[in-house]
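> In order, the protein sequences belong to chains E and F.
So the number in our numbering is just where the residue sits in the first sequence, counting from 1, plus 101.
So the number in our numbering is just where the residue sits in the second sequence, counting from 1, plus 72.
Among the hints, erroneous ones may be present.
[Stated by the list, open to error] Just so you have them, the derived chain F footprint on chain E, three or more residues with Cβ under 8 Å:
#1 173-181
#2 197-205
#3 233-241
#4 255-269
#5 289-295
#6 320-326
[Stated by the list, open to error] Partner residues are not named here, just some residues of chain F that face chain E (Cβ under 8 Å, in silico):
#7 S449
#8 L468
#9 F474
#10 W478
#11 A488
#12 P491
#13 I497
#14 G498
#15 V518
#16 L526
#17 M601
#18 T617
#19 M646
#20 E647
#21 V660
For the record, the hints were derived by calculation from the structure and aren't laboratory data.
Since this is a predicted model, take the numbers as computed values, not measurements.
Yeah, the Cβ is synthetic: ideal placement off N, Cα and C, and Gly gets one too.
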Amino acid sequence: MTAAFVMAAAQGLLALFLAPGVVGLIRWLKARLQNRRGAPAWQPYRELRKLFQKEIVVSRNASWLFHLAPFVVFASTLMVAVLVPVLAAPLPVDRIGDLLVVVYLLLLGTFFLALAGLDPGSAFGGMGASREVTVAALAEPTLALAIFALARGAGSTNLGEIAARTMADPLSAVSPGHLLAFAALFIVMLAETGRLPVDNPATHLELTMIHEAMILEYSGRYLALIEWASALKLLVFFVLLGNLFVPWGLATALTPGAVATAAGALALKLGVLAVAVAVLETRVAKLRLFRVPELLSASFVLALLAVTSSFLLR
Amino acid sequence: MAPELLLLALSVASYAVGALAALIVRGMVGRALVAVGALVGSLATLALGAWCLATGATLAFAAPWLPLTGLALRADGLSAFFLVVVGLGGAAASVYGFGYSAHYDGRYSLRLLGAMFNVLLLSLAIQVLADNALTFLVTWEAMSLSAYLLVLVEHDQHGTVRAANWYLAVTHAGFAALVAAFLVLAGGDMTGSFAAMRSATLPPATRNVVFLLALVGFGTKAGVIPLHVWLPMAHPVAPSHVSALLSGVVIKMGVYGLMRVALDLLGGGPPWWGGVVLGLGAVSALLGVLYALMEHDLKRLLAYHSVENVGIILLGVGAGLMFQSYGLPGLATLGFIAGLYHTLNHACFKGLLFLGAGSVLYATHTRNMEQLGGLISRMPRTAACFLVGAAAISALPPLNGFASEWLVFQTLMGGALVPHPEAAIGMAIAVAMLALTSGLAVACFVKAFGITFLALPRSAEAERAREVPASMQVGMLVLVGMCVALGLTPFLVVPVLSRALAGLGGLPLTPIGFSLRLPFSVSGVTGEMSPLLVGVGVLLLGTLTAVVLRGVADRRLRIGDTWGCGRVGQTPRMEYTATAFAEPLRRVFAELYRPTEDLSIDFHPKSKYFVRSIAYRSEVEPWFERLLYTPLLSALRGAAVRVRQVQAGSLHLYLAYMTIALLALLVVARWSR
Chain E
102 MTAAFVMAAA
112 QGLLALFLAP
122 GVVGLIRWLK
132 ARLQNRRGAP
142 AWQPYRELRK
152 LFQKEIVVSR
162 NASWLFHLAP
172 FVVFASTLMV
182 AVLVPVLAAP
192 LPVDRIGDLL
202 VVVYLLLLGT
212 FFLALAGLDP
222 GSAFGGMGAS
232 REVTVAALAE
242 PTLALAIFAL
252 ARGAGSTNLG
262 EIAARTMADP
272 LSAVSPGHLL
282 AFAALFIVML
292 AETGRLPVDN
302 PATHLELTMI
312 HEAMILEYSG
322 RYLALIEWAS
332 ALKLLVFFVL
342 LGNLFVPWGL
352 ATALTPGAVA
362 TAAGALALKL
372 GVLAVAVAVL
382 ETRVAKLRLF
392 RVPELLSASF
402 VLALLAVTSS
412 FLLR
Chain F
73 MAPELLLLAL
83 SVASYAVGAL
93 AALIVRGMVG
103 RALVAVGALV
113 GSLATLALGA
123 WCLATGATLA
133 FAAPWLPLTG
143 LALRADGLSA
153 FFLVVVGLGG
163 AAASVYGFGY
173 SAHYDGRYSL
183 RLLGAMFNVL
193 LLSLAIQVLA
203 DNALTFLVTW
213 EAMSLSAYLL
223 VLVEHDQHGT
233 VRAANWYLAV
243 THAGFAALVA
253 AFLVLAGGDM
263 TGSFAAMRSA
273 TLPPATRNVV
283 FLLALVGFGT
293 KAGVIPLHVW
303 LPMAHPVAPS
313 HVSALLSGVV
323 IKMGVYGLMR
333 VALDLLGGGP
343 PWWGGVVLGL
353 GAVSALLGVL
363 YALMEHDLKR
373 LLAYHSVENV
383 GIILLGVGAG
393 LMFQSYGLPG
403 LATLGFIAGL
413 YHTLNHACFK
423 GLLFLGAGSV
433 LYATHTRNME
443 QLGGLISRMP
453 RTAACFLVGA
463 AAISALPPLN
473 GFASEWLVFQ
483 TLMGGALVPH
493 PEAAIGMAIA
503 VAMLALTSGL
513 AVACFVKAFG
523 ITFLALPRSA
533 EAERAREVPA
543 SMQVGMLVLV
553 GMCVALGLTP
563 FLVVPVLSRA
573 LAGLGGLPLT
583 PIGFSLRLPF
593 SVSGVTGEMS
603 PLLVGVGVLL
613 LGTLTAVVLR
623 GVADRRLRIG
633 DTWGCGRVGQ
643 TPRMEYTATA
653 FAEPLRRVFA
663 ELYRPTEDLS
673 IDFHPKSKYF
683 VRSIAYRSEV
693 EPWFERLLYT
703 PLLSALRGAA
713 VRVRQVQAGS
723 LHLYLAYMTI
733 ALLALLVVAR
743 WSR
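Kindly generate the complete structure, drawing on both the sequences and the hints.
Structure, rendered in structure tokens:
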């Protein structure tokens, strides 16, 4: 039992320290695909270190909420990272939070970040906050239906249970319900983590940004916390996509060998997803803001089909 | 005397004293007596409910010597639960009301306000205990009328009288449906006790008629779309502590009545009953939040959210009814528990939010969000309380809204176990609608809190705002405490709720085994979570991060200007407005909103490249209301015009009417014997 809790804490920490690397990897892959040399994959770590050592500038209009938000965002995302099966499943932390808790904890972060965007009273912050909550709200139904499709197969919303059930029944991983839910969740991941074609993480061009506009007033260690949390959010989505739909490699017993295998499998899955995102971001252009709902409704239809097919094909 | 009866007597006496004091004593002493009467009465009501739930005691009291059918009261689990809701909402509102009603002195009738406030609470408490049709209907009408008079308190404000008239009309249409429902249910005999109705066997068609009549009657009270039209009008114009009571408690009587009739008296029905309730719930939830998003009147926004939350409650109740008719009692109990839990939670956070909005109104004299802003530094405690309420209603963990919405989600996911695909897919769609609703609720409350409390004040009133008196803060703090406590302890709340439901309408008598961390042993559905541990975890990680940062990171902090693209001097005009904030969603759902836009530009006569002034007006009106109610109203008016011909103003004619009526009645009486 103790070992299992240590494992949960360890995988939370692993996720935390791996997250900037994944972002760096995507950036590097994108650079190579675009015939640029690109910064090394560990560049985000350097950026975080730099930000942590900088003085912060806070608007004189900002309230205590502005100072609180980075910690809420960081802590809630880190809590999610502790809950999701990064290396091993099932773990006792499954009893603390299921897939719905994961979704709503991430929403807690969005809520505070959006409020902090409004707090200094700049038009950019308001614009970013407004767009961020719009995208988050429209992504919610897809997320819920994807959860429904997964829970329908496993008979539970428990993360460990879902992974274990798919491992026990390998054929279910290629069932139409599963595949459609994967596609739906992938699109939602792009929207929720602010990737192309929904938001462009590389641009600071004022009128097109969503996430970057919202956090425009942040600097120094606060910005570092927020950047780190959004990298972690990306990793959490990668882990959900990798370990709930393709759970093989997850350690079911806490032996050194199993954990080492799990680490290898995790690296492989993260690598594949990073390549997928990098290729996608090189191939597609950013959508106009008011075309984003169309993309999200497409993902909703996919998720609805996933659920329907799981009823019809039983 | 049994403790239950003592508590009941105490609460009735205390409400009566409060009401009388309002009529006799003036000034601050009068306000204090009103508040104390309502507070003691509410606490006694709360204690009575809690006592009955904790010990399983049932109160029974009858006064058959009263005229007509006499008074009959009985408390079972369901009544006890709603007593708790009434007591909790009433207690917070009465403490708050003491401070809030101060600025009514000399402007509006404090006598009317104080007396009707206590009468409303009294009729609520008696109503959930009613054990025969007439007691129920009389207290129902007392509740509606006292609420009507309370809505009318600020009678000289724009729109108040119209709102009150709408409320009165709709609520009486609902009342007529209820009278009909009980008449059919009791076979035309209004003396019928609830026990007799429970044991009666009615043909299925009659049961369907009773159910539909009850759904209309209770739906008008609960504010279910499309019967909600009065709610966004009437709730905002009432005094704010009354709004809290109306939205937090009074509309829940619709939920109580529906559960009492459909589940208890009728004992459940065919699956389509649950399906209809589920569908109405899903539509109310989604449309409620969508129209809330377009509001920038803070209290109207909250009123639309009441429509939304009643929808969420009905999702739980409807799913429960469906599972019950499919023979899945475990899941049915789960659905009802989810509905009741959300009822209690909504009473807490909506009460809190209305009290918070009342504080804003008290300090700034405006409900228009476009003129607010910057209140977080001027009214820090009110802001903190409102923030908790906003997070709770947005279902963010670890607060109470999340606990009950999680249960609703889990119930609906149990729909996968229903062997009929149409029901299962229906529930899947309900899951998606609920998810969209809660996502939009987050957007709406970021707007409500962000525009009202953050950034720079947008008007001189907001600039001058001061923190509200202590009694108002206490009223809010009580509900903040409840939002946190109910959110962290579902493992304590859920068993109590399952006890409140045990034995009703064929549900299992033994409570379902809910263990400490709220997994449920309903076959086929499992899910576990512990908001307590999630909350502690987030708090610990946040603190840890702050401590580590203190050691590692740079601690310098400089105060500067908000970045304005090089422009110096920030003004409130640069801030995002409530309308602008909701604009993306208005565009996304333009098909639904069908906004009317009016843009007029005044050009310079010499050149159209110089604009003198621009006027832009845009309105979103719920078009389906017009579609539904305009024909209805014009038909009513036409009928009224025709009936008017009967009333010619001649005394002889009236005497003739009376004679004819008397003779006709005599003939009927003779003939029917």
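> Evaluate each hint against the coordinates.
To see whether the hints hold, each was checked on the structure:
no. : hint    : verdict
1   : 173-181 : holds (count 6)
2   : 197-205 : holds (count 6)
3   : 233-241 : holds (count 7)
4   : 255-269 : holds (count 5)
5   : 289-295 : violated (count 0)
6   : 320-326 : holds (count 4)
7   : S449    : 6 Å, holds
8   : L468    : 5 Å, holds
9   : F474    : 6 Å, holds
10  : W478    : 6 Å, holds
11  : A488    : 5 Å, holds
12  : P491    : 10 Å, violated
13  : I497    : 6 Å, holds
14  : G498    : 11 Å, violated
15  : V518    : 5 Å, holds
16  : L526    : 5 Å, holds
17  : M601    : 5 Å, holds
18  : T617    : 6 Å, holds
19  : M646    : 5 Å, holds
20  : E647    : 5 Å, holds
21  : V660    : 5 Å, holds
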